[in-house]
Amino acid sequence: MKINELIESHSELTDAAASKSAVVLMTRIRLARNLAGQPFPGWAKEAQKRDIRDQCMQAVAALPQMKRGLAIPVEDLDELQKQILVERHLISRELCHTKAGAGIVISKDQSCVVMVNEEDHLRIQVLRAGFQFKKVWSTINALDTNLEEHIDFAFNPRLGYLSACPTNLGTGIRASAMMHLPALVISGQMEKVVRAVNQLGMAVRGLFGEGSDASGSIFQISNQTTLGESEEGIIKHLHGVLNTIIDQELNARLKLLETDPNKLSDKIGRAFGILQNGYLLNSGEAMNLLSLIRLGIDLDVFPDTQRAVVDRLFIECQPGHVQHAAKGAFDPAQRDVLRAARLRSEFAKLTHPDFTRTAK
Amino acid sequence: MANSLKCDLCSKPATVHLTQIVNSKIHKVDLCEACAQAKGVTDPSGFSLADLLLKASLNPEPAGEAKCTACGFTQQDFKKTGRFGCPSCYEHFSRLLEPMLDTMHKGSSHSGKIPQRAVARKSLYERLTQLETELELAIKAERYEDAARYRDELSQVRQSVEQKPSAGT
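Chains as they are written, first to last, in this note's numbering: chain A, 3 to 362; chain B, 879 to 1047.
Don't read these hints as lab results, they were simulated from the structure. Mixed in with the good hints, there may be bad ones.
[As the list claims (entries may be wrong)] Capping the alpha-carbon separation at 27 angstroms, the derived lysine-lysine pairs in BS3-like fashion look like this:
| hint | chain 1 | residue 1 | chain 2 | residue 2 |
| --- | --- | --- | --- | --- |
| 1 | B | Lys957 | A | Lys47 |
| 2 | B | Lys958 | A | Lys101 |
| 3 | A | Lys47 | B | Lys1018 |
| 4 | A | Lys69 | A | Lys110 |
| 5 | A | Lys329 | A | Lys265 |
[Unchecked claim] Footprint (simulated), chain A over chain B, 3 or more residues, beta carbon under 8 angstroms:
| hint | segment |
| --- | --- |
| 6 | 885–892 |
| 7 | 955–962 |
| 8 | 971–979 |
| 9 | 1005–1015 |
For clarity, every value in this text was computed on a predicted model and none was experimentally measured. For each residue, glycine too, the CB sits at the ideal point set by N, CA and C.
So here's chain A without its partners, still in its complex pose (with noise of 0.2 angstroms):
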């Protein structure tokens, strides 16, 4: 598979029709391993990097897996390229800033991704739409273990899988879920759910992890300790953990109802508006939007058949896949007409609001 063709076909999550949890979009799941006796890739030489990074590409390609994926060295990808693969939440931003000797190997239905020589030598990531840890873990475990049948992975029996950051000692693992929290914001409740979080030992990020704002009410939670506890026991304790901010979330969206749904009701249908007849709009205030249209379905203002629409929209008004679609590069100011135009002509065809569910 060439890249071309990778970003032309529908992903994992621009295609999530099936979605059925209102709330969480995303389900991640990610590993850090490591070449037992080699030097982190922060630390090794380029020379060794590329080694490093020929001998695992090879490995992780030739997996069952990977069947028919794509398999590139980071460099032979130019800038536009590797922001889409970051919107589509594929690869890091980290990874596009390393110098040489990274790679990537992406399945064909984009949802297993190996990242090589980002901060570990391998970092296996499998993702899915909606709220799946079982899958997503039996699948990231499997091809994990037959990773290893190929590569000997960095391992010591008291300390678990070695990696290059003693974060991620011991299982390696970070799982994350995308939730969409419009009604805990809109109430002024995130902070405190924030820091609920994170005294229980788990982080809150926004749309794209590290240092990225929640705009469009998403965030990221994922576990932060990786050490002395099984991987199903830290999924089972994060799947506690976002059950409980599900129940939060949905008790916010009632009290809204209850309180003043009026101002529910206008906030939505104004951005239905704007979307509809917007002539400039930024990323951040098109996710702002979209965001609400994602809340006015789950309240039932629009029909459940539109889910799918808006959240593909919220990673194609990113503005790599903006230009990518406008086929060329263009400065911001050009991309806010851009993205105000693909809005318009996606929400001339959606049917309009119907109020008689949220109204008093």
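Starting from the known structure of chain A, arrange chain B on it as the hints suggest.
Relative to the frame of chain A, chain B by itself:
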């Protein structure tokens, strides 16, 4: 008494006292006002006690002394990057690592997945060295029957080691 506490970072009198509970373990930090500001303690979103504890535990160490013999990575390098140089660094810097693990993780020993083949391979190598020693001892002691047995087992183990796939395909 709270007032007699010193800042964990600079030893001035501490005025900010923090308690954070991570996985039902209590962690406490005492800071002076200047350090608390500098570390962003007042900003609830940008503050992690674990990071602070990690740095505090590194500070008193004399820098640049310990060095990984496998890859040449120094303690100074770790202080700068927060990452290790290679898997062997975990053994060379274990003194530095142990106190950090307690604050960083839920426990200090692994209880998750074990890569079966890597472990099997490792134990095969260990068995190999063991057999070689025993064979030598048996020959020295003129226990030739034992020696023959060790020699046979040795060639068996050698064979299965070679059959294991090496890295790559």
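Coverage assertion for the segment 885–892 of chain B with respect to chain A, Cβ distance below 8 angstroms, three residues required
Coverage by chain A is violated here, the residue count being 0 at a Cβ distance below 8 angstroms.
Please verify the coverage claim for the segment 955–962 of chain B: does it have three or more residues whose C-beta sits within 8 angstroms of some C-beta in chain A?
holds (count 5)
For lysine 958 of chain B and lysine 101 of chain A, compute the direct alpha-carbon distance and say whether it is at most 27 angstroms.
Status holds; Cα separation ~20 angstroms.
Taking only the CA atoms, is the gap from lysine 957 of chain B to lysine 47 of chain A under or equal to 27 angstroms?
It holds: about 20 angstroms lies between the C-alpha atoms, which stays within 27 angstroms.
Tell me whether the statement that chain A covers the segment 971–979 of chain B is true, taking a Cβ distance below 8 angstroms and needing three residues at minimum.
As far as the segment 971–979 of chain B goes, the hint holds, because 3 residues have Cβ atoms under 8 angstroms from chain A.
Taking 27 angstroms as the top limit, are the C-alpha atoms of lysine 69 of chain A and lysine 110 of chain A close enough?
Given that 27 angstroms is the threshold and the Cα spacing comes to 7 angstroms, the pair holds.
Hint check: lysine 329 of chain A vs lysine 265 of chain A, CA-CA at most 27 angstroms. Holds or violated?
violated (40 angstroms)
Compare the distance between the alpha carbons of lysine 47 of chain A and lysine 1018 of chain B with 27 angstroms, and conclude whether the hinted pair is satisfied.
violated (46 angstroms)
Under a C-beta cut-off of less than 8 angstroms, do 3 or more residues of the segment 1005–1015 of chain B approach chain A closely enough to confirm the stated coverage?
Coverage by chain A is violated for the segment 1005–1015 of chain B (0 residues, Cβ < 8 angstroms).
Checked against the numbered hints listed earlier, the structure breaks hints 3, 5, 6 and 9; every other hint is satisfied.
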